[in-house]
Structure formats: structure tokens, C-alpha cells
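Throw the hints in and build the complete structure from the sequences for me.
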Amino acid sequence: ETGVTQTPRHLVMGMTNKKSLKCEQHLGHNAMYWYKQSAKKPLELMFVYSLEERVENNSVPSRFSPECPNSSHLFLHLHTLQPEDSALYLCASRGTGGAGELFFGEGSRLTVL
Amino acid sequence: AQSVTQPDIHITVSEGASLELRCNYSYGATPYLFWYVQSPGQGLQLLLKYFSGDTLVQGIKGFEAEFKRSQSSFNLRKPSVHWSDAAEYFCAVGPDNYGQNFVFGPGTRLSVLP
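Sequences listed follow chains A and B, in order. Residue numbering for the first sequence follows the working numbering, beginning at 1 and increasing consecutively. Residue numbering for the second sequence follows the working numbering, beginning at 1 and increasing consecutively.
Hints are computed from structural coordinates only; laboratory data are not their basis. Idealized CB from N, CA, C, for every residue including glycine. Take these hints with a grain of salt, some might be off.
As the list claims (entries may be wrong) - Short derived list, chain A residues pointing at chain B, Cβ under 10 angstroms: (1) Val4; (2) Gln6; (3) Tyr35; (4) Pro61; (5) Phe64; (6) Phe104.
To be verified - As a list, the in silico EDC-like pairs of lysine to aspartate or glutamate whose alpha-carbon atoms are at most 16 angstroms apart: (7) A:Lys41 <-> B:Glu88; (8) B:Lys49 <-> B:Glu15; (9) A:Lys22 <-> A:Glu106; (10) A:Lys19 <-> A:Asp85; (11) A:Lys40 <-> B:Glu88; (12) B:Lys68 <-> B:Glu20; (13) B:Lys49 <-> B:Glu64; (14) A:Lys41 <-> B:Asp8; (15) A:Lys41 <-> A:Glu84; (16) A:Lys40 <-> A:Glu101; (17) A:Lys41 <-> A:Asp85; (18) A:Lys40 <-> B:Asp8; (19) B:Lys61 <-> B:Glu15; (20) B:Lys49 <-> A:Glu101; (21) B:Lys61 <-> B:Asp85.
Claimed, not checked - Taking beta-carbon pairs under 10 angstroms as the criterion, some of the chain B residues facing chain A (in silico): (22) Ile11; (23) Tyr32; (24) Phe34; (25) Gly43; (26) Leu46; (27) Ala87; (28) Phe90; (29) Ala92; (30) Gln100; (31) Val103.
What follows is the structure, encoded as C-alpha cells:
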């Protein structure tokens, strides 16, 4: 496998469920990102991990909980979500050095009922 | 703070016509600039990037972009659009050497008429 892989691609959950989104990168990068993409809104940065440490937490509600066990894997744990959390969640990775670009996965489409 | 604007929410062009998508940014230093494309239900794919040097950069799928510091612009162009170019296009400013955050514009949706 190459690139950035996200699972599941689609997820439907009730407001009381607990679920997780998974991201895996095979690019040897050491920074990983979660973005939220809602209709009619720009991409919103949620979290950034660099060398497995969280370096950005963009005022995200605590019902979203990230986990980065190693530089290749990133999770987003979901608990007690609201319908307005329905969105496309995009994972991305980036190498070290100043000018690298983001490499995105295909996204996980989340619907909260 | 960094910001990116894309003045056109939606553009429609005929197949074979030329295309220009506008992007303006606000950034204190020399920016790292990117254009990404997103097809429906997919992630973002990098079209091209500018870091330094030649202000006209070539990308994939026949796209090019020109960095104009005086206008704080990084417009995307293609001389002849194909039906498969219909997608959402995002301009982005990358972080400086000490940061990690990329700032994306709101996107421009491109429709292509046969």
C-alpha cells in the first residue's frame, strides 16, 4: 500500500455511540493531521501531531479525541457526537523540513443521526 | 494571521476553453503556496506548489500557476479544460518553518459544459 489510507470510508452513528476513525500513512512522514470538511465551509484544522506529539489542537470539542500511537497511525475517537458533526473527516501527512506539502487520504464521511 | 481568499465560489466553462481560478493570500513573509483539487467524495490531490524561484510553476494535468508578490496572488490556469477537470479547487498557504498549520481557501467549484 502507498499513500494515506483512511477507514472506514463511510460511518453512520447515533449520538450516544462511540466509534473511531483510523488513518495510516506509508510515506515515512512524521506529521499527521485531522481536518474537518463541512458543506459550505473551508477546511478546518482539528489536530496536528508531529513526532507523535500533539502540536496543534484547534479548539476542538472534547467529544473528539485524537490518538497517535506511532508516526504511521492516527486515530480520531468519537463519542457523544451531535448532528452538526456530520462531515467529511480528512487525514493528511507531511514530511519534515520547511516546505513539504500535505498528502491527503480519501476521507471518512461521517453522518450523525 | 495567514488567510486565503478565492473570490469565485463557482465557475462554469465550456470544454476546450481556457481557465483561470483566482487566489489571494495574506502572509507576512514569502509564502509557500499550493493548489489542490478535490473530486466529489474524495480527498485532496496536490496540483502544484510554489516555494521559491521561478514564479510560474507547472503542475500535473496541464495546470500552471503564477505567483505575483505585488498582488499577493497565486492564480491557477489551464489553457484548455477537459470534462474531467470538473471538481473543487483549493488554494492554500503553508506554514512557516516553525509551524504546522496550512490555511486553505474556501474553494472554487468548477463545472465544465460539453
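Original post:
Taking the closest Cβ pair, is Val4 of chain A under 10 angstroms from chain B?
Top reply: holds (8 angstroms)
Original post:
Would the pair Lys40 of chain A and Glu88 of chain B pass a check requiring their Cα atoms to be no farther apart than 16 angstroms?
Top reply: holds (12 angstroms)
**OP:** Verify the interface restraint on Ala92 of chain B: the C-beta must sit less than 10 angstroms from at least one C-beta of chain A.
**Re:** holds (8 angstroms)
Original post:
Do the alpha carbons of Lys61 of chain B and Asp85 of chain B lie within 16 angstroms of each other, as the hint requires?
Top reply: holds (9 angstroms)
Subject >> Lys61 of chain B paired with Glu15 of chain B [C-alpha distance capped at 16 angstroms] >> reply: Roughly 15 angstroms separates the two Cα atoms, so the pair holds.
Original post:
Given the hinted pair Lys49 of chain B and Glu64 of chain B, is their alpha-carbon gap at most 16 angstroms?
Top reply: holds (9 angstroms)
**OP:** Measure nothing beyond the straight line between the CA atoms of Lys49 of chain B and Glu101 of chain A; if it is 16 angstroms or shorter, mark the hint as holding.
**Re:** Status holds; Cα separation ~8 angstroms.
**OP:** Using 10 angstroms as the Cβ threshold, decide whether Pro61 of chain A counts as touching chain B.
**Re:** violated (19 angstroms)
Subject >> Straight-line alpha-carbon gap Lys40 of chain A to Glu101 of chain A, limit 16 angstroms >> reply: violated (24 angstroms)
Subject >> Proposed proximity, Asp8 of chain B with Lys41 of chain A (alpha carbon, max 16 angstroms) >> reply: holds (14 angstroms)
Subject >> Interface hint for Gln100 of chain B, Cβ within 10 angstroms of any Cβ on chain A >> reply: With a closest approach of 5 angstroms, the Gln100 of chain B hint holds.
**OP:** Answer holds if the nearest beta-carbon of chain A is closer than 10 angstroms to that of Ala87 of chain B; otherwise answer violated.
**Re:** This hint is violated: Ala87 of chain B lies away from chain A, its Cβ roughly 14 angstroms from the closest one there, beyond 10 angstroms.
Hint check: violations occur at hints 4, 5, 8, 16, 22 and 27; the rest are consistent with the structure.
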